[in-house]
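Just so you know, the protein sequences line up as chains X and Y, in that order. Just so you know, the working numbering puts 524 at position 524 of the first sequence, and the rest follows in order with no gaps. Just so you know, the working numbering puts 13 at position 13 of the second sequence, and the rest follows in order with no gaps.
Take these hints with a grain of salt, some might be off.
[Unchecked claim] Dumping the calculated SDA-like pairs for lysine to any residue here, alpha-carbon to alpha-carbon at most 25 Å: (1) Lys30(X) x Asn10(Y); (2) Lys64(X) x Met1(Y); (3) Lys30(X) x Met1(Y); (4) Lys97(X) x Thr108(X); (5) Lys17(X) x Ala152(Y); (6) Lys17(X) x Glu77(Y); (7) Lys17(X) x Ala151(Y); (8) Lys30(X) x Tyr14(Y); (9) Lys30(X) x Glu77(Y); (10) Lys64(X) x Glu19(Y).
No wet-lab data here; the hints were simulated from the structure.
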Amino acid sequence: MATTVAAPARVFGSGIKRREDPRLLTGTAKYTADITLPGQLYAAILRSPHGHARIRNIDTASAKAAPGVVAAFTSGDTEGVVGAIPCAWLVPNSDLKTAPYPPLAKGTVRYVGDAVAVVVAESPAQAADAVDLIEVDYELLPATVDPEQAVKPGAPQLHQEAPNNIAFHWTVAGGDVDAAFSNADVIVRDRIIQQRLIPNAMEPRGALAHYLPATGELTLWNTTQNPHIVRFIMSLVCGIPEDRLRVIAPEVGGGFGSKIPQIQGDFITVFCSMKLGRPVKWIESRSENYQSTTHGRDHVQDVEMAATKDGRILGLRCTVWAGMGAYLSTAAPGIPTILHGLMLSGPYQIGAVKEDVYGVYSNTTPVEAYRGAGRPEATFMLERVIDRLADELKMDPAELRKKNLIPPFENGHDVVTGLKYDSGNYPGALDKVLAHVDYAGLRKEQAELRKKGRHVGVGVGLYVEICGLGPSQVAGAVGFQGGLWESAIVRFHPSGKAHVFIGSSPHGQGEETTFAQIVADELGVSVSDVKIVHGDTETTPMGWGTYGSRTAAVSGAALAVATRKIKEKAKLLTSHLLEAAVEDIEYANGKFFVRGFPEKHKTIQDIALMANVAWNMPQGMEPGLEASTFYDPPNFVFPFGAHVAVVEVDSETGDIQLKRYVAVDDCGHQINPMIVEGQVHGGVVQGIGQALWEHAVYADNGQLLTGSMNDYALPRADALPDIEVLSTVTPSPHHPLGVKGIGEAGTIVSTCTVYNAVLDALKPLGVKSIQMPLTPERVFNAMATAKGA
Amino acid sequence: MALPVSISVNGRRYDREIEPRLLLVHFLRDTLGLTGTKIGCDTSQCGACTVQLDGVAVKSCTCLAAQADGSSVTTIEGLAPDGKLDPIQEAFWEKHGLQCGFCTPGMIFATRALLDANRNPSAEQIRHALEGNLCRCTGYQNIVRSVQAAAAAGGR
Numbered sequence: 001m002a003t004t005v006a007a008p009a010r011v012f013g014s015g016i017k018r019r020e021d022p023r024l025l026t027g028t029a030k031y032t033a034d035i036t037l038p039g040q041l042y043a044a045i046l047r048s049p050h051g052h053a054r055i056r057n058i059d060t061a062s063a064k065a066a067p068g069v070v071a072a073f074t075s076g077d078t079e080g081v082v083g084a085i086p087c088a089w090l091v092p093n094s095d096l097k098t099a100p101y102p103p104l105a106k107g108t109v110r111y112v113g114d115a116v117a118v119v120v121a122e123s124p125a126q127a128a129d130a131v132d133l134i135e136v137d138y139e140l141l142p143a144t145v146d147p148e149q150a151v152k153p154g155a156p157q158l159h160q161e162a163p164n165n166i167a168f169h170w171t172v173a174g175g176d177v178d179a180a181f182s183n184a185d186v187i188v189r190d191r192i193i194q195q196r197l198i199p200n201a202m203e204p205r206g207a208l209a210h211y212l213p214a215t216g217e218l219t220l221w222n223t224t225q226n227p228h229i230v231r232f233i234m235s236l237v238c239g240i241p242e243d244r245l246r247v248i249a250p251e252v253g254g255g256f257g258s259k260i261p262q263i264q265g266d267f268i269t270v271f272c273s274m275k276l277g278r279p280v281k282w283i284e285s286r287s288e289n290y291q292s293t294t295h296g297r298d299h300v301q302d303v304e305m306a307a308t309k310d311g312r313i314l315g316l317r318c319t320v321w322a323g324m325g326a327y328l329s330t331a332a333p334g335i336p337t338i339l340h341g342l343m344l345s346g347p348y349q350i351g352a353v354k355e356d357v358y359g360v361y362s363n364t365t366p367v368e369a370y371r372g373a374g375r376p377e378a379t380f381m382l383e384r385v386i387d388r389l390a391d392e393l394k395m396d397p398a399e400l401r402k403k404n405l406i407p408p409f410e411n412g413h414d415v416v417t418g419l420k421y422d423s424g425n426y427p428g429a430l431d432k433v434l435a436h437v438d439y440a441g442l443r444k445e446q447a448e449l450r451k452k453g454r455h456v457g458v459g460v461g462l463y464v465e466i467c468g469l470g471p472s473q474v475a476g477a478v479g480f481q482g483g484l485w486e487s488a489i490v491r492f493h494p495s496g497k498a499h500v501f502i503g504s505s506p507h508g509q510g511e512e513t514t515f516a517q518i519v520a521d522e523l524g525v526s527v528s529d530v531k532i533v534h535g536d537t538e539t540t541p542m543g544w545g546t547y548g549s550r551t552a553a554v555s556g557a558a559l560a561v562a563t564r565k566i567k568e569k570a571k572l573l574t575s576h577l578l579e580a581a582v583e584d585i586e587y588a589n590g591k592f593f594v595r596g597f598p599e600k601h602k603t604i605q606d607i608a609l610m611a612n613v614a615w616n617m618p619q620g621m622e623p624g625l626e627a628s629t630f631y632d633p634p635n636f637v638f639p640f641g642a643h644v645a646v647v648e649v650d651s652e653t654g655d656i657q658l659k660r661y662v663a664v665d666d667c668g669h670q671i672n673p674m675i676v677e678g679q680v681h682g683g684v685v686q687g688i689g690q691a692l693w694e695h696a697v698y699a700d701n702g703q704l705l706t707g708s709m710n711d712y713a714l715p716r717a718d719a720l721p722d723i724e725v726l727s728t729v730t731p732s733p734h735h736p737l738g739v740k741g742i743g744e745a746g747t748i749v750s751t752c753t754v755y756n757a758v759l760d761a762l763k764p765l766g767v768k769s770i771q772m773p774l775t776p777e778r779v780f781n782a783m784a785t786a787k788g789a
Numbered sequence: 001m002a003l004p005v006s007i008s009v010n011g012r013r014y015d016r017e018i019e020p021r022l023l024l025v026h027f028l029r030d031t032l033g034l035t036g037t038k039i040g041c042d043t044s045q046c047g048a049c050t051v052q053l054d055g056v057a058v059k060s061c062t063c064l065a066a067q068a069d070g071s072s073v074t075t076i077e078g079l080a081p082d083g084k085l086d087p088i089q090e091a092f093w094e095k096h097g098l099q100c101g102f103c104t105p106g107m108i109f110a111t112r113a114l115l116d117a118n119r120n121p122s123a124e125q126i127r128h129a130l131e132g133n134l135c136r137c138t139g140y141q142n143i144v145r146s147v148q149a150a151a152a153a154g155g156r
């Protein structure tokens, strides 16, 4: 199929069509579930139906005797073969208690979905049939599911290593917060429940492991955002040396954080293949996914803000109980701490902050990063309490924000938590969104409609977020058990076509297109002449993966640097071939030429050929045209923006109509604006989902009540308006291309923006707070209570 | 118990002996190896497995293969057999109507069904027609644009 893409004038910054799409549109792309190997077996996992129970006995005899069954395994079988699942973000100074997380439950199950046993059979149906024949004798134990309740005296205890279920206690403080509160004219408080969410990448998780006993080599196809981390961890847990372990992330159908960690099923699948010496595949059903793949959010937040009576914010103080689930997932402890607490002051000039975060074990599925990971929870807290302050001071919420914003800066701004934001123009973003929606006009219209008894609300949300993770030295200092650099190899073939190998692992974000745009822009080749290779540890250089809006920000920077190395070599070879001094060689529009003599030139294709045949190389220059880079960013990047939502609440039913949603985001220079817009659409809608519909609900006994797509409300096409997407451009001063991340921005701010709009609509009734999601029932009850009061 | 069925898929007839409980989606994916049709849930909510059965869009996870005996099925593999995208596929490419691509085959068949019934749907009608198909990446907006573009290009 022809996939040639015509190159416009400047390919960097143009919204060209994606190069990955033809295979996705025709059903030829292969996701993990689509791959079948000769002799392949199928694993089905028996999961705990109880939130907390002791296992008295497991009887697998009937399952083993069932048709097609090859083996059945329980925890004891894994002894000495696979170790415990490690947590890889050991946040320092937090008294972190990591309880061992066995791939198959050992004596006790601690959440609904905890893996208990596995059956391996010749067909998926035989495996599913046989797993139902396993008999488990459970002794039920009391469960605890709420992070605030779980730390109270008398609560059921999950792990002897963690008294009172406290996994860690972390504190961040900056400035004199006590003085801020004692000097305040006004203090506002709120209690916010950041409800638990289920990520719902459209492709459930799965693994296909193929172990070769003769050589000790393992190939693992895995639904992951970070195959190199998978290889690292799998090697440690299963004892297969990294040089004999190949991890392939084939096509991956979305992740949103839920494909960062390695979960029980991954290790179980590898274990089964190691034991049986045959390929073993395990693919989650969606209902299994709801129990076994990681969840997100789950905070109980008490927050208070101190301010002067003229609306200057003095300080912010909060306590957060962050549910971790029954075990600590790979990156879980870093999310409510480093990615949350350090962003407390947001885009505002706040001189003093203090936060206590308790990471809490409960009888629930482990949490992990979920789109935004820590920043939505911080942004919501701040933006919500600012609206409460505006209400208290009878000030306009947009005006109050303006008064406190950090003024524009281009090269570094120190904030109270110790971070240095890279660049920002927060007033610019706010002004732009307010002008676009005609904010004054909206308020006037709202006043008119209120007179008629209609509940129309306008919500404003601002954010600055930390992404492009990040300098590896910082990663180490904050306990991340790995680096956060990225690498790239650019290899030109004799014909002038290029392969680019990257260590990051995109799964829907479009880097096969945007990264080709980077190379095309730097060297004047066509986008269609550059193939981006990712997702296979055997062919790509080491990298830490695609999450934390870091792929364009870190991997893209690595690629830019590698491409510039190619350019330097091309200049040297041109100077040799044209017998001119290298200082006189210039580059423009795909040509290397002698200054003043543009007709005397070489194209990158000429250079690629001459470098590869190496007939006439300068003294000391190696043949070939290839460059590699390991890029460790000097700082994070800090995208920002301002959003506005307009809603109307039906006073009879509590139903919320989202009438308008406007986003102004600044991710620096945009490589492909079409893709940026797509990221904003998807991100905003995921955040709206949290505000209005989504909630992973557990019963007190640990039962997951929203255990299927029938019960968990996801955003659907008919419930959403068009998102109006605008942008400003404030380049990152330290990124070689001035780029910042955009993958999570929409989600980080849209939840609070919509929430603020709904609460603004209900302001005349005196409603101050409603728990998310804002279902019609909750809104109706809040209105009824307010009216009755 | 093996049940003989004869099902035409993408214009080719397949005679197979199947288990009576086999779902159409598993027949397509596992028996025939046509893995373009996706499984995104187990409750008929997500629509990733949508195919065309005798001209009607169906969720192939909610239909037994035995029910398709004697029928014609079109899957995503059948839309561009010679490598040339059909107008709906072309429109999804043009309007960035996909990101991870997992929901896309189902979305394309939901779009086909809509455009067969209504050649010029409004945005609201499109959103309504797609409410049985979930996408977690795009926020649906560019899918709506894709459907509009496909309609403008004459459907299929």
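inquiry  = Just to be careful, I want the Cα atoms of lysine 64(X) and methionine 1(Y) compared with a cutoff of 25 Å; is the pair within it?
reply    = Given that 25 Å is the threshold and the Cα spacing comes to 22 Å, the pair holds.
request  = Below or equal to 25 Å on CA atoms is what counts here, so check lysine 30(X) against tyrosine 14(Y).
outcome  = 23 Å, holds
key: Pairwise hint evaluation, methionine 1(Y) against lysine 30(X), where the allowed Cα distance is 25 Å at most   = Status violated; Cα separation ~32 Å.
query = CA of lysine 97(X) to CA of threonine 108(X), is that 25 Å or under?
reply = Satisfied, since the Cα-Cα distance of roughly 18 Å is no more than 25 Å.
Given pair status - glutamate 77(Y), lysine 30(X), alpha carbons within 25 Å = 13 Å, holds
ask   = Is the Cα-Cα distance between lysine 17(X) and alanine 151(Y) 25 Å or less?
value = 19 Å, holds
ask   = Within 25 Å, alpha carbon to alpha carbon, are lysine 17(X) and glutamate 77(Y)?
value = 22 Å, holds
request  = Would you check the hint for lysine 64(X) and glutamate 19(Y), treating anything up to 25 Å between C-alpha atoms as holding?
outcome  = 22 Å, holds
message = Between the alpha carbons of lysine 17(X) and alanine 152(Y), is the straight-line distance 25 Å or under?
response = 19 Å, holds
inquiry  = Given the hinted pair lysine 30(X) and asparagine 10(Y), is their Cα-Cα distance within 25 Å?
reply    = Holds. Lysine 30(X) to asparagine 10(Y) sits at ~19 Å (cutoff 25 Å).
This entry does not satisfy hint 3, going by the numbered hints stated previously; all others are met.
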